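**Student:** As a plain string of letters, each chain reads:
Number of protein chains: 2
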Amino acid sequence: MGGSISTAPPTTATSPAATNHLASRKPGATGTGGTEDRPGQLFESKDELLAASLKERASAYVATLLPPADGGRSPRERILYVFEQVEVQAEAPEFQGCRYLAVQIELKDQSHPASRVAHQVKENLTAFFRAEAEQGGADDPDLLARQLSLVFDGASARAGIQADTLTGLITPTVTTLLDTAGVR
Amino acid sequence: MGGSISTAPPTTATSPAATNHLASRKPGATGTGGTEDRPGQLFESKDELLAASLKERASAYVATLLPPADGGRSPRERILYVFEQVEVQAEAPEFQGCRYLAVQIELKDQSHPASRVAHQVKENLTAFFRAEAEQGGADDPDLLARQLSLVFDGASARAGIQADTLTGLITPTVTTLLDTAGVR
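Protein chains in written order, with numbering that gives the first Met the number 0: chain A, 0 to 183; chain B, 0 to 183.
Looking at chain A on its own, in the form it has when it is part of the complex (with noise of 0.2 Å):
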């Protein structure tokens, strides 16, 4: 582990739809030049490096996820839309569940640099259907989006420890949410 952070230090540079995406990096946290074997250093460098490869997947992997912008879908096709993506990404062999959630229960630290970054993905999808619920006429958008979350996060944990598919579950649930919020 300690060889790959000489060779593969933290790259700062990310896409536009990845800095529209994620939080800004902490000031003073985006290199490791300078750095010598000092413990602390480095044991930050391998933090940074961590939530700079987050970062850096974090605009393919939304890119993966939510409908084109002029894809003429209503507010309820595109928040199905996305709970498709996962459906159909689950069906990989290799398929272990969302990244940015599994970083964060694995770290279990919410200030470690990748696990912000990796809250701040989760907080765009979240906006994402907050706008859609809104756009779509929820009773309560609020509400709608902190379930469709939790059904995604829930979905795509238990699909990547293998306790379930999603076929059959994932759009039915979602349907149910949708039609009690009114979201036509």
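Hints listed in this document are in silico derivations from the structure and should not be mistaken for laboratory results.
Check before you lean on any hint, since a few could be wrong.
Identical copies carry no separate label here, and so any pair may be met within one copy or between two of them.
As the list claims (entries may be wrong) - Straight line, CA to CA, 16 Å or less: simulated EDC-like cross-link-like pairs of lysine to aspartate or glutamate:
id, residue 1, residue 2
1, Lys-107, Asp-46
2, Lys-45, Glu-105
3, Lys-107, Asp-163
4, Lys-107, Glu-93
5, Lys-107, Glu-86
6, Lys-107, Glu-76
7, Lys-45, Asp-108
Predicted model only: the values in this text are computed from it and were never measured.
Keeping the supplied structure of chain A fixed, place chain B upon it in accordance with the hints.
**Tutor:** For chain B alone, kept in the frame of chain A given last:
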């Protein structure tokens, strides 16, 4: 970590309740007697130690979640009882979510002894939901049991990583699913 293996070997003592709720252990994997420092052997002991620890805690964990058998509650109330307990547990500052979900996410190996124990604990909860759903007249007890398990894991995961609280979230979500399934 290594030192704790020799001072705290996995015990084979489990309460009757735990035995009922959990999968049996693999034959021949119940002790550390005669173990030298062969790496493979030590690693197996660590795996088994974790599995035994989870198994020992399972009956206490289940007891905190499930309603008493003679509580006079309806199936709907018994299902809601479980989620009320999760909501209470999630209010504790040290709450980090369900450890039986977390261990499977962290190990990423469903054949690991600890994953098997955790998987069985989860399956027992789903079986509880299914039995109550059927008793309560659910249109599709299998679907409702899967939905409730998904909500359980999603809720405890999100509360555990402080992505959300469960207040005003878990009860309306479960209520919606129960109503839609026709469980009175």
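**Student:** So, for every hint listed, does it hold in this structure?
**Tutor:** Hints, one by one, checked against the model:
| no. | hint | in the structure |
| --- | --- | --- |
| 1 | Lys-107 with Asp-46 | within (13 Å within a copy, 21 Å between copies) |
| 2 | Lys-45 with Glu-105 | within (15 Å within a copy, 19 Å between copies) |
| 3 | Lys-107 with Asp-163 | between (25 Å within a copy, 15 Å between copies) |
| 4 | Lys-107 with Glu-93 | between (24 Å within a copy, 10 Å between copies) |
| 5 | Lys-107 with Glu-86 | neither (27 Å within a copy, 19 Å between copies) |
| 6 | Lys-107 with Glu-76 | neither (35 Å within a copy, 33 Å between copies) |
| 7 | Lys-45 with Asp-108 | within (15 Å within a copy, 24 Å between copies) |
Figure legend: structure checked against the earlier numbered hints; hints not met, in rising order: 5, 6.
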